[in-house]
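Chains as they are written, first to last, in our numbering: chain B, 169 to 731; chain S, 133 to 239.
Careful: at least some of the hints might be erroneous.
What the hints assert, rightly or not - Selected chain S positions facing chain B (in silico; Cβ < 10 Å):
#1 Val150
#2 Ile152
#3 Leu157
#4 Ala172
#5 Gly186
#6 Gln191
#7 Ile199
Hints in this document: simulated from the structure, not taken from any laboratory. The beta carbon of each residue, even a glycine, is placed where N, CA and C say it ideally should be.
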Amino acid sequence: MSVQIWTYLFIFVTFGLYIAIAVWSKAGSTHDFYVAGGGVHPMTNGMATAADWMSAASFISMAGLISFLGRDGTYYLMGWTGGYVLLAMLLAPYLRKFGKFTVPAFIGDRYYSQSARLAAVFCAIVVSFVYVCGQMQGAGIVFSRFLEVDITTGVVIGMAIVFFYAVLGGMKGITYTQVAQYCVLIFAYMVPAIFISLMMTGNPIPQLGFGSELTPEFGGGYLLDRLDGISQELGFGTYTSGQKSTQDVFFITAALMFGTAGLPHVIIRFFTVPSVRDARRSAGFALIFIAILYTTAPAIAAFSKTNLMNTVNNAEYASVPAWFTTWERTSLISFNDKNGDGRIQYVGDPERNELTVNRDIMVLANPEIANLPGWVVALVAAGALAAALSTAAGLLLVISTSISHDLLKRCLAPDITEKQELIYARIAIFVAVLIAGYFGINPPGFVAEVVAFAFGLAAASFFPAIVLGIFYSRMNRQGAVAGMLTGFTFTAAYIIYFKFMNPAMSNAEHWWFGISPEGIGTLGTLLNLAVALLVCRLTAEPPEDVQMIVRNIRLPGEHLHRS
Amino acid sequence: MSDKKSDNNAHAYWRANVRIVLTLLSVWFFISFVCGILLADFLDQFRIGGFKLGFWMAQQGSIYGFIVLIYVYIRQMDKLDRKFDLDHQSSLQQGGESDTQAQEDKA
Numbered sequence: 169m170s171v172q173i174w175t176y177l178f179i180f181v182t183f184g185l186y187i188a189i190a191v192w193s194k195a196g197s198t199h200d201f202y203v204a205g206g207g208v209h210p211m212t213n214g215m216a217t218a219a220d221w222m223s224a225a226s227f228i229s230m231a232g233l234i235s236f237l238g239r240d241g242t243y244y245l246m247g248w249t250g251g252y253v254l255l256a257m258l259l260a261p262y263l264r265k266f267g268k269f270t271v272p273a274f275i276g277d278r279y280y281s282q283s284a285r286l287a288a289v290f291c292a293i294v295v296s297f298v299y300v301c302g303q304m305q306g307a308g309i310v311f312s313r314f315l316e317v318d319i320t321t322g323v324v325i326g327m328a329i330v331f332f333y334a335v336l337g338g339m340k341g342i343t344y345t346q347v348a349q350y351c352v353l354i355f356a357y358m359v360p361a362i363f364i365s366l367m368m369t370g371n372p373i374p375q376l377g378f379g380s381e382l383t384p385e386f387g388g389g390y391l392l393d394r395l396d397g398i399s400q401e402l403g404f405g406t407y408t409s410g411q412k413s414t415q416d417v418f419f420i421t422a423a424l425m426f427g428t429a430g431l432p433h434v435i436i437r438f439f440t441v442p443s444v445r446d447a448r449r450s451a452g453f454a455l456i457f458i459a460i461l462y463t464t465a466p467a468i469a470a471f472s473k474t475n476l477m478n479t480v481n482n483a484e485y486a487s488v489p490a491w492f493t494t495w496e497r498t499s500l501i502s503f504n505d506k507n508g509d510g511r512i513q514y515v516g517d518p519e520r521n522e523l524t525v526n527r528d529i530m531v532l533a534n535p536e537i538a539n540l541p542g543w544v545v546a547l548v549a550a551g552a553l554a555a556a557l558s559t560a561a562g563l564l565l566v567i568s569t570s571i572s573h574d575l576l577k578r579c580l581a582p583d584i585t586e587k588q589e590l591i592y593a594r595i596a597i598f599v600a601v602l603i604a605g606y607f608g609i610n611p612p613g614f615v616a617e618v619v620a621f622a623f624g625l626a627a628a629s630f631f632p633a634i635v636l637g638i639f640y641s642r643m644n645r646q647g648a649v650a651g652m653l654t655g656f657t658f659t660a661a662y663i664i665y666f667k668f669m670n671p672a673m674s675n676a677e678h679w680w681f682g683i684s685p686e687g688i689g690t691l692g693t694l695l696n697l698a699v700a701l702l703v704c705r706l707t708a709e710p711p712e713d714v715q716m717i718v719r720n721i722r723l724p725g726e727h728l729h730r731s
Numbered sequence: 133m134s135d136k137k138s139d140n141n142a143h144a145y146w147r148a149n150v151r152i153v154l155t156l157l158s159v160w161f162f163i164s165f166v167c168g169i170l171l172a173d174f175l176d177q178f179r180i181g182g183f184k185l186g187f188w189m190a191q192q193g194s195i196y197g198f199i200v201l202i203y204v205y206i207r208q209m210d211k212l213d214r215k216f217d218l219d220h221q222s223s224l225q226q227g228g229e230s231d232t233q234a235q236e237d238k239a
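Next up, chain S with everything else stripped away, as it sits in the complex:
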């Protein structure tokens, strides 16, 4: 393989990966620490049904938010893998096979 090209590719992939992670982690920080703790008292003036909003964010909303974040991450990363051609079934297959191979070598 041409090392130079693949190096550039790897670099671009990694930068895109870090950007996704940083964006999602800022949302993570916002829904948990900002809404659930720092601004909870302020948010308590709003209500959803029987919940004060700050209390709901702290004990329910943030957790639902975490799940959404992980699923957005999974989708974004799948897209990124496809864009950089890293998702080939063959490459996974290879990974699997080489694992088994290594195992057999050991045994």
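Bound conformation, chain B alone:
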């Protein structure tokens, strides 16, 4: 069977599965729609959280990014996993105890202020929209490359599927489809990795394989030493050493960690488990499921980089393998014979380098580069779609609940019945899918840039406000609002200045303390904390009933303080 038939088959089967799950798990109440009835098993929720969290970017781009960044790529690895430690210990159990549906609900109630609630609604919607556009675009790209339909058709199919199970099932439908999507995506990620690890090192476990010796066929010696050697020889710098400044890597890692812990679509997943203890357990499961992919990604990065350099450098252009020409057509890889010798020079010096490689190719074309069977190639397409759709659904739900619950029910129209609220929630998801689809088809050029934005903003606004709200009962409305405003404005201004207004000046020389816009969220977080604590000291204590909420969320059971 050809790769294309396999791809159609996998996509057909997996999509059929998602739809079946959606029909089976239709939501009947707002409780179902917002938190899946609140009775999800911690392991199920852990799996759903993992799929929710691992986006098209994690699946398609991350290994490629790491293969070009070398050791510095670690900020993605540690940043996007270390945040779960913060989430498990500083946020999830207490927010579960609080027992409401959304993050703005916590901010609004804890800081007894409608403006704080509205500000949180605004942040949640902005952060989620930025993300969801990227997912739709990812789905479109996969469709167009693997099925050779145009991007518009691809996005529309993706929209229709997400629309179906998100609108019908809300959180309940999303939870169980995410479990299925996790299984699809992790299988699709691991199979090629295991194959390649076996082929290059004889070790079936990729995590160990990239620290093993290459098989004689590949030249023997430790893989990483070999990779360091070729990289240096071709002028790319040593793979296993850092190239960026230490403080920049430090700040980016911290910003991604704080951002991870502050992202609303991840936080709300912990509202779906039955108890506080389950919320803690669920965070453990989520991290294990995520770590399977995140510890494999650096292995794929090292394998494919070695493989690529081995295959293409100094190869005769006329005799390159078939995958090279296939991906050349999609312009993910391009060759420009500058010195006219008919051979490919792939070197660090931009003057002499003749090959441009898009980082996404490291995962998408990896099975072909390694000569794996057609069904493995097709599996990668189904996995990438699962990753994109599961994250998109989680984000759309945040947008929908922010509008129907926080904005309408709690602010503008408190008199609506539960039935009406549910209808509004479905309308909101419908509209959100349409807008996201529009941006997926007509991507604004800055999607990639704005991802840094989303993390920085979540880190600088939500994270400190929630942590202080739990761990510092004296924290009051004035302090929290001032802190959020400062953190948000500072971070946004820094990113907008360097990314959009003055990109030419975006280099270590002009950055503050050598911190790039990706890492500035860390400084924003610290500023938020400092301002919040200062303002809080100068203003009145929060009212007694709010302090009561804080005492209550600190205890897991119902025993000591009944609210």
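Fit chain S to the given chain B structure using the hints.
Here is chain S on its own, set in the frame of chain B:
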């Protein structure tokens, strides 16, 4: 219930909770930021198999460490809940029931 006693209890529970979290977060900081970033170059002189230690901590070890940390946290908190008698199945049951109750009230 006697409010005074339960207040003291709640206070002690919370202090123990914060101590656990602070201890574990210092380990978290050490394995990720210290070993994986600040000391990575220094650690690179040691090797495990084909990995330089600093590189391994940055791309593998820290992540395994995070998982261990969360599981230590889960166990410590379970112990603490038992010590303060907060883990009664009944109390969870109650929580569950009152949730359902609230739901039915709404509906």
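Next item on the list: Identify every previously stated hint that the structure contradicts and give their numbers, smallest first.
Entry: Violated: none.
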